[in-house]
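Colleague: Residue numbers (the UniProt record's numbering), protein chains in the order written: chain S, 1 to 321; chain Y, 1 to 321; chain F, 1 to 468.
What the hints contain is simulated information worked out from the structure, not anything from laboratory work. Just to be clear, a hint being listed does not mean it is correct.
Said to hold, decoys possible - Below are the DSSO-like pairs computed for lysine-lysine, each with C-alpha atoms no more than 30 Å apart in a straight line:
1) F:K231 with Y:K132
2) F:K288 with Y:K12
3) Y:K94 with F:K368
4) Y:K137 with F:K372
5) F:K233 with S:K154
6) Y:K68 with F:K288
7) F:K192 with Y:K85
8) F:K368 with Y:K137
9) Y:K84 with F:K368
10) Y:K94 with Y:K240
11) F:K368 with Y:K129
12) Y:K68 with F:K372
13) Y:K132 with Y:K94
14) Y:K18 with F:K288
15) F:K192 with F:K4
16) Y:K132 with F:K368
17) S:K236 with S:K128
18) S:K68 with S:K86
19) Y:K85 with F:K372
20) Y:K9 with Y:K270
21) F:K192 with Y:K41
22) Y:K68 with Y:K9
23) F:K288 with Y:K90
24) S:K154 with F:K231
25) F:K233 with Y:K84
26) S:K128 with F:K192
27) Y:K220 with Y:K76
28) Y:K76 with Y:K94
29) F:K89 with Y:K137
Here is how the chains run, residue by residue.
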Amino acid sequence: MWNYLARRILQMIPIIIGVSIILFLIINLVPGNFIDSKVSSTHMTPQQIQHLKDIYGINDPIYLKYFKWIKGAVHFDFGDSFTYQKPVSTVINTYVWNSFSIALVAFILELLIAIPIGIISATRQYSKTDMIFTFLALIGISFPSFFLGYILIKVFAVNLHILPLAGLNTPGSSYIGFAFIIDRLKHMILPVLVLALISAGSMMRYTRTAVLEIVKQDYIRTARAKGLSEKVVIYKHALRNALIPIVTLIGLSLPGLFSGAIITESIFGIPGIGKIALEAVTKRDYPLLMGFSLFVAVLTLLGNLLSDIFYAIVDPRVKLK
Amino acid sequence: MSEALLEVKNLKKYFPIKGGVFQRTVGHVKAVEDISFEINKGETLGLVGESGCGKSTVGRTILRLHDKTGGEVLFKGTEIFDLKKQEMQKLRPKIQIVFQDPYSSLNPRLTVGEIIGEALLEHGFCEKKNLKQRVLKVMEQCGLLRFHIDRYPHEFSGGQRQRIGIARALALNPEFIVCDEPVSALDVSIQSQIINLLSDLQKEYGFSYLFISHDLSVVKHISHRVAVMYLGCLVEIADKTELYDNPLHPYTKALLSAVPLPDPRLKREKIVLSGDLPSPANPPLGCRFHTRCPKCSDICKEQVPELKDVGQNHKVACHFA
Amino acid sequence: MKIKLFTMISLFAAVLCYILPFLTFKDYSSINGFNLITSLFKRKELHKLSENIQTYVFTSTSVPLLVTFLLFITAIVFLAYYQFRKSSKALSGSLGAVICAVISYGVQLSNSQTSITDFFGTILLELKTGDGKTIFKTSDIISQTGPGAKLLVIVSFASLIFVALLKILDVRERNKGDNIQTPWTMAIKQFKRNKLAIVGLFLISFLIIICFYGPVFSKYPLLKTDIIMAKLKPGPEHLLGTDSSGRDILTRLMYGGRISITVGFVAVLLEILLGTTIGGLAGYYSGKIDNMLMRLVDIFLSIPFLPVVIIIGAIMSDLNIPPQRRIYFVMFIIGVLSWPVMARLVRGQILTLREQEYMIAAEALGLKDRRKIVRHLIPNVIPSIIVSATLGIGDAILMESALSFLGLGVAMPFPSWGNMVQAVRDTNDFILRSWLWIPPGICIFTIVLAINFVGDGLRDAFDPKMKK
Numbered sequence: 001m002w003n004y005l006a007r008r009i010l011q012m013i014p015i016i017i018g019v020s021i022i023l024f025l026i027i028n029l030v031p032g033n034f035i036d037s038k039v040s041s042t043h044m045t046p047q048q049i050q051h052l053k054d055i056y057g058i059n060d061p062i063y064l065k066y067f068k069w070i071k072g073a074v075h076f077d078f079g080d081s082f083t084y085q086k087p088v089s090t091v092i093n094t095y096v097w098n099s100f101s102i103a104l105v106a107f108i109l110e111l112l113i114a115i116p117i118g119i120i121s122a123t124r125q126y127s128k129t130d131m132i133f134t135f136l137a138l139i140g141i142s143f144p145s146f147f148l149g150y151i152l153i154k155v156f157a158v159n160l161h162i163l164p165l166a167g168l169n170t171p172g173s174s175y176i177g178f179a180f181i182i183d184r185l186k187h188m189i190l191p192v193l194v195l196a197l198i199s200a201g202s203m204m205r206y207t208r209t210a211v212l213e214i215v216k217q218d219y220i221r222t223a224r225a226k227g228l229s230e231k232v233v234i235y236k237h238a239l240r241n242a243l244i245p246i247v248t249l250i251g252l253s254l255p256g257l258f259s260g261a262i263i264t265e266s267i268f269g270i271p272g273i274g275k276i277a278l279e280a281v282t283k284r285d286y287p288l289l290m291g292f293s294l295f296v297a298v299l300t301l302l303g304n305l306l307s308d309i310f311y312a313i314v315d316p317r318v319k320l321k
Numbered sequence: 001m002s003e004a005l006l007e008v009k010n011l012k013k014y015f016p017i018k019g020g021v022f023q024r025t026v027g028h029v030k031a032v033e034d035i036s037f038e039i040n041k042g043e044t045l046g047l048v049g050e051s052g053c054g055k056s057t058v059g060r061t062i063l064r065l066h067d068k069t070g071g072e073v074l075f076k077g078t079e080i081f082d083l084k085k086q087e088m089q090k091l092r093p094k095i096q097i098v099f100q101d102p103y104s105s106l107n108p109r110l111t112v113g114e115i116i117g118e119a120l121l122e123h124g125f126c127e128k129k130n131l132k133q134r135v136l137k138v139m140e141q142c143g144l145l146r147f148h149i150d151r152y153p154h155e156f157s158g159g160q161r162q163r164i165g166i167a168r169a170l171a172l173n174p175e176f177i178v179c180d181e182p183v184s185a186l187d188v189s190i191q192s193q194i195i196n197l198l199s200d201l202q203k204e205y206g207f208s209y210l211f212i213s214h215d216l217s218v219v220k221h222i223s224h225r226v227a228v229m230y231l232g233c234l235v236e237i238a239d240k241t242e243l244y245d246n247p248l249h250p251y252t253k254a255l256l257s258a259v260p261l262p263d264p265r266l267k268r269e270k271i272v273l274s275g276d277l278p279s280p281a282n283p284p285l286g287c288r289f290h291t292r293c294p295k296c297s298d299i300c301k302e303q304v305p306e307l308k309d310v311g312q313n314h315k316v317a318c319h320f321a
Numbered sequence: 001m002k003i004k005l006f007t008m009i010s011l012f013a014a015v016l017c018y019i020l021p022f023l024t025f026k027d028y029s030s031i032n033g034f035n036l037i038t039s040l041f042k043r044k045e046l047h048k049l050s051e052n053i054q055t056y057v058f059t060s061t062s063v064p065l066l067v068t069f070l071l072f073i074t075a076i077v078f079l080a081y082y083q084f085r086k087s088s089k090a091l092s093g094s095l096g097a098v099i100c101a102v103i104s105y106g107v108q109l110s111n112s113q114t115s116i117t118d119f120f121g122t123i124l125l126e127l128k129t130g131d132g133k134t135i136f137k138t139s140d141i142i143s144q145t146g147p148g149a150k151l152l153v154i155v156s157f158a159s160l161i162f163v164a165l166l167k168i169l170d171v172r173e174r175n176k177g178d179n180i181q182t183p184w185t186m187a188i189k190q191f192k193r194n195k196l197a198i199v200g201l202f203l204i205s206f207l208i209i210i211c212f213y214g215p216v217f218s219k220y221p222l223l224k225t226d227i228i229m230a231k232l233k234p235g236p237e238h239l240l241g242t243d244s245s246g247r248d249i250l251t252r253l254m255y256g257g258r259i260s261i262t263v264g265f266v267a268v269l270l271e272i273l274l275g276t277t278i279g280g281l282a283g284y285y286s287g288k289i290d291n292m293l294m295r296l297v298d299i300f301l302s303i304p305f306l307p308v309v310i311i312i313g314a315i316m317s318d319l320n321i322p323p324q325r326r327i328y329f330v331m332f333i334i335g336v337l338s339w340p341v342m343a344r345l346v347r348g349q350i351l352t353l354r355e356q357e358y359m360i361a362a363e364a365l366g367l368k369d370r371r372k373i374v375r376h377l378i379p380n381v382i383p384s385i386i387v388s389a390t391l392g393i394g395d396a397i398l399m400e401s402a403l404s405f406l407g408l409g410v411a412m413p414f415p416s417w418g419n420m421v422q423a424v425r426d427t428n429d430f431i432l433r434s435w436l437w438i439p440p441g442i443c444i445f446t447i448v449l450a451i452n453f454v455g456d457g458l459r460d461a462f463d464p465k466m467k468k
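Isolated chain S, as found in the complex (with noise of 0.2 Å):
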């Protein structure tokens, strides 16, 4: 098993370096820089923006830049977020949170909505059950999400007046301790509720045709022959298998809950690290972008490795080469 672990650790290395590589290359194709967009209306001299970009290394080389850059980041040290002028790090570790909470709410609804209709759908396939579920889940596949999103904003925070607008807490607000936490439950219902809903349709696609795999193996004739009701047959030994493939996916899926959602954070307005993202875009913030785009990436490498972990856990017939 360790074996393993170094082995895949090893080999994760020259693709994070291929993947700084190129996101370097591709954000230093944005043209202009922060100094200039910032000092475009001030009165510095020639000389003093000249020195401001030597401090910030605007006009170095790009393979300078990028030594620069990787030496830092070996350490986790990714430079200072030019918009916040505090450590990258710190920055993503301040607003990660608020989009991890969002996130991991959204996936257990996700996972408590689309598992057990995708059980239900695979034992009765083809019937009508099946036909409408297949039906909800492939909807919630194609609806684009900030669509949704607003569509849901529309029904219950317009015209329902149900549920606020946007944001984590209502503005200008003091709740303490229940009322504090009951705000911040209103204010999460619906971009989780995006979330979820989008998520759950192509889990629930994905569940259906994993026990669907199962329930058409001998052995599970074999279980029902020997006279064992159907909730046995399908909760002990159809679903133990079955859940093989599913947790996998869920291995993939556990690093993205940090990385945020950036379109629906940016619709809601919730202050997480998607939102924060789609700002440095537009600002210009090459550390932030650089510190970001590459912790997604490894944490996208990580949910592979997690998931292959999670694989030879849970299926015992597979051993780690």
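Chain S is fixed; fit chains Y and F onto it per the hints.
Modeller: Same frame as chain S, but now just chains Y and F:
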């Protein structure tokens, strides 16, 4: 004595096992160890042994479908592993193979006519306008009906599919055909049809066969000479009647004693071997059979027995024969 | 049979629509290099037409127009062959040619670089005003709403329907004989059983036809703004109301649909090309090549998609890329970032297929590499590619709409379903004027839903285990 059509000398085939952090080769599966035999024109050599003893590997390596690890394979005096790619392709029509599984050995997306006629066109044996005629002729010989030519494999039964496979090999007018367990996947009644077909074709065209099987009674019917394999080694080889009447190697004796007799009243004394088949990655030292041999002694554990000629074209690899 | 007569008539009419302009204009300037082609058409003078029209610059001698014209001619030829030789294949050929002609006309309509002459419109207008001073402006041509263009659309579709009818009748007759079930016909049969998939197919065709050929019938040019008519509620004049600059929303929906759908298809095409080649090479020539290519795939897969796409969108705005060109960048980006998924899929399929016994049999038969790949591997990989590509189109359309919504894809004034939803930015519009942003959202949702229905149906149809 006429020159042998096919000569195999000291053939070895090892498959590498990879492990460790860097996936280095940590061992080998010694599938085929030092096999030598000859096949003359118009002759059938039966190759028998348990599942996993390396029979199929021998068959495929002879046809250069695997790379060899050692030894020589001479077809009409030419070492086939020395041939360059183009020369090898020119040679292939003369050495053909019929596969075990009729369900996966035919491309489901080609018609019967295309499957059979494809190689004819490729090698230029036939012009496009004559192709259909030629294919129909081969099909008739193999017991397929004319209108089958435009059908797809999924519409046929196992026995018919095997006929298609035989027709495919036949179309190229080969001189030597490896039959890799061609009837193992078929019903007993169909088995006899296919065996008779192969036998008739041999009488008419003078093919040589390497007939690989684990079923001794089938082999008895069609072979002229029989070779017995155990764990990658050749343990005995003799003319058919000689082998069945006078087996010398303990393993052969045990095998023959296990063949069921059609008459339920007759009883045969069965020699039951103790122990399990050892792993070919870690074969026993000395005689590979010594762990299960009733006659095992010290010399068997240390020295590999050579294939000795004991007269009447009968060769045995045992210290006690 | 009457149908055959109608088919012939409509096909000839289509050809006529194309050929007449060439015959009647006296002077035209053709593009360099095409003189040989254009000189095939003789010119006759029509005296009543004004000088302006006669010297009208003729950029429609571009290749797509010629191709469409030739396709209609081909269709007629095939139809004649069918009539006299009763060859079913000729009828299929004819159907194929008409379909291609209709599609190619759709392509021309959506590519505003080629202007289709509106011959009949010109004549009509000239006859109406009759003062010999009719001047045609390029912007009018780009909106392609003249009666000539409309006539051509109607005639093309009429001929398509008739030829299709002929084909269906012919197939019905022939199928009274024996049925050879190829793997493809079995898949088609399975697909037909899936009602959702059939609905999806109709929805997609409907949307495509409306978006590509609909604007011809709309009286509102794409770019013409009219502030007085801004933000009107839906009514008899404007079926879906107008937007903030007074442009008709229904028309913009149709134009926007062209863009969104085209982006989806082209991005996936790119994805297929890149993914299949790389995945195929990696799968077939395993070993070092496989390792290298898979490392590359892993790197691309780890690149966070949305951030990078957004960054590139920002770059595009900075570099001041003109709005028309932006769309090509968007297609390119989506395709380039999606190919790893396809590559992985293709590679996996090939690795599985290589171990199938019929591949070993092909080796034993002495078939050359090229034949093995083309005849044995590829036909068995194609089903997965088709399913993946179909679903990929849906994803690409969603991607493009998200990008355009964020302002980083297709830019104003050119519409895309995504950037039309941007109307929500104005809170008043969001709350009070839902016709501004809800229709485009519904359109995105509908077409992606239809694509998912079809993709699902295809997946079930090709899956050997799913036989009921």
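Colleague: Take the C-alpha atoms of K9 (chain Y) and K270 (chain Y), compute the straight-line distance between them, and say whether it is at most 30 Å.
Modeller: Distance ~34 Å between K9 (chain Y) and K270 (chain Y) Cα, so the pair is violated.
Colleague: Check whether the Cα positions of K68 (chain Y) and K372 (chain F) lie no farther apart than 30 Å.
Modeller: holds, 23 Å
Colleague: Just to be careful, I want the Cα atoms of K128 (chain S) and K192 (chain F) compared with a cutoff of 30 Å; is the pair within it?
Modeller: OK: K128 (chain S) and K192 (chain F) at ~18 Å, within 30 Å.
Colleague: Next pair to validate is K68 (chain S) with K86 (chain S); report whether the Cα-Cα distance is within 30 Å.
Modeller: Judged against 30 Å, a Cα distance of about 18 Å means the pair holds.
Colleague: Quick one, are K368 (chain F) and K129 (chain Y) close enough, alpha carbons at most 30 Å?
Modeller: holds, 22 Å
Colleague: Can you confirm whether the C-alpha distance between K84 (chain Y) and K368 (chain F) stays at or below 30 Å?
Modeller: Distance of about 13 Å is within 30 Å: holds.
Colleague: Taking 30 Å as the top limit, are the C-alpha atoms of K89 (chain F) and K137 (chain Y) close enough?
Modeller: holds, 29 Å
Colleague: Sort out whether K137 (chain Y) lies within 30 Å of K368 (chain F), counting only the CA atoms.
Modeller: holds, 25 Å
Colleague: Under the criterion that the straight-line Cα-Cα distance not exceed 30 Å, is the pair K94 (chain Y), K240 (chain Y) satisfied?
Modeller: holds, 26 Å
Colleague: Taken at face value, is the distance from the CA of K85 (chain Y) to the CA of K192 (chain F) at most 30 Å?
Modeller: violated, 47 Å
Colleague: If you draw a straight line from the CA of K76 (chain Y) to the CA of K94 (chain Y), is it 30 Å or shorter?
Modeller: Roughly 11 Å between the alpha carbons, so the hint for K76 (chain Y) and K94 (chain Y) holds.
Colleague: Take the C-alpha atoms of K137 (chain Y) and K372 (chain F), compute the straight-line distance between them, and say whether it is at most 30 Å.
Modeller: Roughly 25 Å separates the two Cα atoms, so the pair holds.
Hint check: violations occur at hints 1, 7, 20, 21 and 25; the rest are consistent with the structure.
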